[in-house]
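**Q** Here is how the chains run, residue by residue.
Protein chains: 10
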Amino acid sequence: MLFKVEMKVNIPHDLPAEVVDEIKATEKAYSQDLQQQGKWRHLWRVAGSYSNVSIFDVADNTELQELISALPLFPYMDISVTPLCRHPSSISSDDS
Amino acid sequence: MLFKVEMKVNIPHDLPAEVVDEIKATEKAYSQDLQQQGKWRHLWRVAGSYSNVSIFDVADNTELQELISALPLFPYMDISVTPLCRHPSSISSDDS
Amino acid sequence: MLFKVEMKVNIPHDLPAEVVDEIKATEKAYSQDLQQQGKWRHLWRVAGSYSNVSIFDVADNTELQELISALPLFPYMDISVTPLCRHPSSISSDDS
Amino acid sequence: MLFKVEMKVNIPHDLPAEVVDEIKATEKAYSQDLQQQGKWRHLWRVAGSYSNVSIFDVADNTELQELISALPLFPYMDISVTPLCRHPSSISSDDS
Amino acid sequence: MLFKVEMKVNIPHDLPAEVVDEIKATEKAYSQDLQQQGKWRHLWRVAGSYSNVSIFDVADNTELQELISALPLFPYMDISVTPLCRHPSSISSDDS
Amino acid sequence: MLFKVEMKVNIPHDLPAEVVDEIKATEKAYSQDLQQQGKWRHLWRVAGSYSNVSIFDVADNTELQELISALPLFPYMDISVTPLCRHPSSISSDDS
Amino acid sequence: MLFKVEMKVNIPHDLPAEVVDEIKATEKAYSQDLQQQGKWRHLWRVAGSYSNVSIFDVADNTELQELISALPLFPYMDISVTPLCRHPSSISSDDS
Amino acid sequence: MLFKVEMKVNIPHDLPAEVVDEIKATEKAYSQDLQQQGKWRHLWRVAGSYSNVSIFDVADNTELQELISALPLFPYMDISVTPLCRHPSSISSDDS
Amino acid sequence: MLFKVEMKVNIPHDLPAEVVDEIKATEKAYSQDLQQQGKWRHLWRVAGSYSNVSIFDVADNTELQELISALPLFPYMDISVTPLCRHPSSISSDDS
Amino acid sequence: MLFKVEMKVNIPHDLPAEVVDEIKATEKAYSQDLQQQGKWRHLWRVAGSYSNVSIFDVADNTELQELISALPLFPYMDISVTPLCRHPSSISSDDS
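Protein chains in written order, with UniProt numbering: chain A, 1 to 96; chain B, 1 to 96; chain C, 1 to 96; chain D, 1 to 96; chain E, 1 to 96; chain F, 1 to 96; chain G, 1 to 96; chain H, 1 to 96; chain I, 1 to 96; chain J, 1 to 96.
You may find that some hints are simply not true.
Okay, derived cross-link-like pairs now, DSS-like style, lysine-lysine, Cα gap no bigger than 25 Å in a straight line [what the hints assert, rightly or not]:
no., chain 1, residue 1, chain 2, residue 2
1, F, Lys4, G, Lys8
2, B, Lys4, A, Lys4
3, J, Lys4, J, Lys24
4, B, Lys4, A, Lys8
5, B, Lys4, A, Lys28
6, H, Lys28, G, Lys8
7, A, Lys39, C, Lys4
8, H, Lys8, G, Lys4
9, E, Lys24, E, Lys8
10, I, Lys8, H, Lys4
11, D, Lys4, C, Lys39
To be clear, the hints were calculated from the coordinates, so they are not data collected in a lab. Predicted model only: the values in this text are computed from it and were never measured.
Use the sequences and the hints to build the structure in full.
**A** Here it is in C-alpha cells:
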C-alpha cells in the first residue's frame with residue numbers, strides 16, 4: 001500500500017555539530033535499509049530545499065507510523081502523509 | 001529530469017455531461033501515451049480525492065510546460081510543480 | 001485500517017431542488033449501508049456546519065478511494081483524509 | 001456531549017530528557033484514567049505524525065476545558081476543538 | 001452553555017432581489033425570536049462587513065446545531081463556532 | 001464603543017516559573033479591575049485552549065490601545081481586534 | 001477616530017456593463033462626497049491591483065459601518081478594517 | 001512616490017532590557033527625523049497591537065529600501081510593503 | 001525602477017471562445033509593444049501553469065498601475081506586485 | 001534552464017556577530033562568483049525586506065540543488081523555487 005510522504009528538515013541552529021552529524025549518519029543508514037527492503041520505494045530531494053519527496057510501500061497505517069516515527073530526524077522534521085492508490089489511467093503493472 | 005506534479009480536478013457543475021465525458025476520454029488516452037513514452041513516469045490517485053500525484057521525466061522545463069498545458073483537463077485543474085533531483089541517500093540506480 | 005475523513009458539503013445554489021433532494025436521499029441510503037457493513041464506523045455532524053467527521057474502517061487505501069468516490073455528494077464536497085493507527089496510550093481492545 | 005479534539009505535540013528540543021520522560025509517563029496515566037472513565041472515548045495516533053485524533057464525551061464545555069487544560073503535555077501542544085452532535089444519517093444507537 | 005458563533009453572509013449576486021428580501025425578513029424574525037428566548041444571547045454587527053459576532057446559550061451541541069442549521073441564511077453563510085466557558089478571572093455572576 | 005478582542009497566550013517555556021506566576025497574578029488583578037469599571041465587559045475562556053474571547057467597551061481606539069498594551073501578558077499574546085456595532089436585528093437595549 | 005480600510009473590488013464578469021458603469025459612477029460621487037466631508041480622509045490606489053487603501057475618520061464604529069455598508073460597490077468588495085490610533089513616535093499635530 | 005508599510009514588532013523575550021530600551025530610543029529618534037524630512041509621511045499605531053501602519057514618500061524603491069533597512073528595529077519586525085498611487089476618485093491635491 | 005509582477009490567468013469557463021481569443025490576441029500585441037519599449041523587461045512562463053513571472057521597468061508606481069490596469073486580461077488575473085532594487089551583491093551594471 | 005528563486009533571510013538573533021559577518025562575506029563572494037559564471041543570472045533586493053528575487057540559469061534540477069544548498073546562508077533562509085520557460089509572447093532572443 002503506497003503513501004506519499006514529504007519531509008522538511010528543520011535542525012535547530014544550536015544543536016551541537018557532532019550530534020547533528022551522528023543523527024544524519026544514522027538517518028542515512030536507516031533510510032538505505034528501508035529502501036533495500038522495498039518499504040521506502042522512492043526517495044527524491046526537492047531541488048533547492050532541505051526536503052524530500054518519498055513513496056512508502058507498507059502493509060498498513062500502523063507500519064507507516066512505525067517506520068516514520070523511528071526516523072532519527074523525526075523530531076526535527078515537518079512531515080505530511082498522503083494515502084495513494086492505483087489511478088484508473090495508470091498503465092503500470094505494479095503501481096510502482 | 002524529474003518533477004513531482006500534483007493535479008486537483010475541479011470540473012464546473014454546469015459543464016454538459018457529454019463534454020465532460022469527452023474531455024476525460026481524451027485525457028486518459030493522452031496520459032497513457034505519455035506514460036508509454038516514459039515521460040509520465042508515475043501516476044497515482046490520491047485516496048479520497050479527485051486528485052493525482054505524478055512524476056514526470058522530461059528534458060527540461062520547456063517540455064514540462066508543453067506536456068502539462070496540453071492536458072485536456074488543464075483548464076479545470078489546480079496544478080503544483082516541484083523540481084526533484086537525486087537524494088544523497090538514494091540507492092536507486094536511475095532515480096526512478 | 002482506520003481513516004478520519006472530514007467532509008464539507010457545498011451544494012451550488014443553482015442546482016434544482018429536486019436534484020438536490022434525490023442526491024441527499026441516495027447519499028443517506030448509501031451511508032447507512034456502509035455503516036451497517038461496518039466500513040463507515042463513526043459518523044458525526046459538526047455542530048453549526050453542513051459538515052461531518054467520519055471514521056472509515058477499510059481494507060486499504062484502494063477501498064477507501066472506492067467508497068468515497070462513490071458518494072453521491074462527492075462532486076459537491078471538500079474532503080480531507082487522515083490515516084490513523086493505534087495510539088500507544090489507547091486502552092481500547094479494537095481501536096474502535 | 002461529544003467533541004473532536006486534535007492534539008499535535010511540539011516538545012522543545014532543549015527540554016531535559018528526564019523532564020520529558022516524566023511528562024509523558026504522567027500524560028499516559030492521565031489519558032488512560034480518562035479513557036476508563038469514558039470521558040476520553042476514542043484516541044487514535046495520526047500515522048506519520050506526533051499527533052492524535054480524539055473524541056471526548058463530556059458534560060459540557062466547562063468539563064472539556066478542565067480535562068484538556070490538565071493534560072501534562074498541554075503547554076507543549078497545538079490543540080483544536082470541534083463540537084460534534086448526532087448526524088441525521090447515523091445508525092448508531094449512542095452516537096459513539 | 002455558551003458558544004461564540006461568527007457568521008459572514010455571502011449572497012450570490014444572481015439570486016433574485018425578492019427572494020433575498022424574503023430570506024432576510026425571515027432571518028430577522030427568527031433571530032429576534034431566539035434572542036427573546038435567551039438562546040441568542042448577544043448579536044453584534046462587525047463594523048465594515050456583512051458579518052456578525054454572536055454568543056449562543058444552548059443546552060448542548062445538538063441544540064446549537066438545530067438553531068444554526070435552521071437559519072434562513074444558513075446556505076449563504078460561512079460560519080465558525082467556538083465553545084466557551086467561564087474564565088478563571090471573570091467577575092461575572094452568570095458568565096453573560 | 002464595543003470591540004471583540006481575542007487573546008491567545010504563548011508563554012516561552014524557558015521563562016522562570018516565579019516570573020510567570022507574578023505576571024499571571026498581576027494580569028488577573030488588572031483584568032478584574034477593568035471588568036469592575038465596565039471597560040472589559042465580557043471575558044470567556046475558549047474551551048480546550050489557553051485563549052480568551054473578550055468584549056471591550058471603550059471611549060475610542062486610543063483607550064482600547066492603552067488598556068490592551070498595558071496587559072501584563074501583552075508581550076506573550078497573539079491578539080486580534082474586531083470593531084463591533086449594533087446589529088439591525090438586535091433586540092438589546094444597550095448592545096451589551 | 002481613524003480606521004485603515006482596504007477594499008478589493010471583485011465585479012462578477014456576467015454583470016451587465018451598463019449596470020457596472022452606473023455602480024462605478026455612483027461610487028465615485030459617494031466617495032468624493034465623503035472625502036469633502038473629511039470622513040474619507042485618504043484614498044490611494046494599490047499599484048497593479050483593482051484595490052484601494054483608505055483612511056476613514058469617523059465618530060465611532062457605528063458611523064464606520066454606516067459609511068462602508070452604503071458603498072455602491074459594497075456587495076462586490078472584500079473589505080478589511082483596522083482600528084488606528086496615535087503612535088507614540090508621531091510628530092503629527094492631528095494624526096492625519 | 002507613496003508606499004504603505006506595515007510593521008509588526010517581535011522582540012525576542014531573552015533580549016536584555018537595556019538593549020531593547022536603547023534600540024527603541026534610537027528607533028524613535030530615527031523615525032521622527034524621517035517624519036520631519038517628510039519621507040515618513042504618516043505613522044499610526046494599530047490599536048491593540050505592537051504594530052504600525054505607515055505611509056512613506058520616497059524618490060524610488062531604492063530609497064525605500066535604504067530607509068527601512070536602517071530602522072534600528074528592522075531585525076525584529078515583520079514588514080510588508082505595498083506600492084500606492086493616485087486613486088481616480090481622489091480629490092486630494094497632493095495625494096497626501 | 002523595477003517591479004516583479006506575477007500574473008495568474010483565470011478565464012471563466014463560460015466566456016465565449018471568440019471573446020477569449022480576441023482578448024488573448026490583444027494581450028499579446030500589448031505585451032510585445034511594452035517589451036519593445038523596454039518597460040516590460042522580462043517575461044517568463046511558469047512551467048506547468050497558466051501564469052507568468054515578469055519584471056517591469058517603469059518611472060514610478062503610477063506608470064506601473066497604468067500599464068497593468070490596461071492589460072486586456074486584467075479583469076481575469078490574480079496579480080501580485082513586489083518592488084525591487086539593486087542588491088548589494090549584484091555585479092550587474094544596470095540591474096537588468 | 002531558468003528558475004526563479006526567492007530567498008528570505010532569517011538569522012537567529014543569538015548567533016554571534018562575527019559568525020554572521022563571516023557567513024555574509026562568504027555568501028557575497030560565492031554569489032558574485034556564480035553571477036560571473038552566468039549561473040546566477042539576476043539578483044534583486046526586495047525593497048523593504050531582507051529578501052531577494054533571483055533568476056538562476058542551470059543545466060538541470062541537480063545543478064540548481066548543488067548551487068543553492070552550498071549557499072553559506074542556506075541554513076538560515078526560507079527558499080522557494082519556481083521553474084520557468086519561454087513565454088509565447090516573449091520577444092527576447094535568449095529568454096534572459
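**Q** Is lysine 4/F close enough to lysine 8/G, meaning Cα to Cα at most 25 Å?
**A** Judged against 25 Å, a Cα distance of about 24 Å means the pair holds.
**Q** Sort out whether lysine 8/G lies within 25 Å of lysine 28/H, counting only the CA atoms.
**A** violated, 33 Å
**Q** Would the hint linking lysine 8/H and lysine 4/G be met if the CA-CA limit is 25 Å?
**A** With a Cα-Cα distance of about 15 Å, the restraint between lysine 8/H and lysine 4/G holds, given a limit of 25 Å.
**Q** Is it true that the CA of lysine 4/J sits at most 25 Å from the CA of lysine 24/J?
**A** holds, 22 Å
**Q** When you check the alpha-carbon spacing of lysine 39/A and lysine 4/C, does it fall within 25 Å?
**A** Roughly 24 Å between the alpha carbons, so the hint for lysine 39/A and lysine 4/C holds.
**Q** Does the structure keep lysine 4/B and lysine 28/A at a Cα separation of 25 Å or less?
**A** holds, 23 Å
**Q** Mind checking the alpha carbons of lysine 8/I and lysine 4/H for me, to see if they're no more than 25 Å apart?
**A** holds, 24 Å
**Q** With a cut-off of 25 Å on the C-alpha distance, tell me whether lysine 24/E and lysine 8/E pass.
**A** Cα-Cα ~14 Å, so holds.
**Q** Are the Cα atoms of lysine 4/D and lysine 39/C separated by 25 Å or less?
**A** holds, 20 Å
**Q** What's the verdict on lysine 4/B and lysine 4/A, does the C-alpha distance respect the 25 Å limit or exceed it?
**A** Status holds; Cα separation ~11 Å.
**Q** Hinted pair, alpha-carbon criterion (25 Å max): lysine 4/B, lysine 8/A. Please report holds or violated.
**A** Holds - the C-alpha atoms of lysine 8/A and lysine 4/B are around 15 Å apart, at most 25 Å.
Hint check: a violation occurs at hint 6 only; the rest are consistent with the structure.
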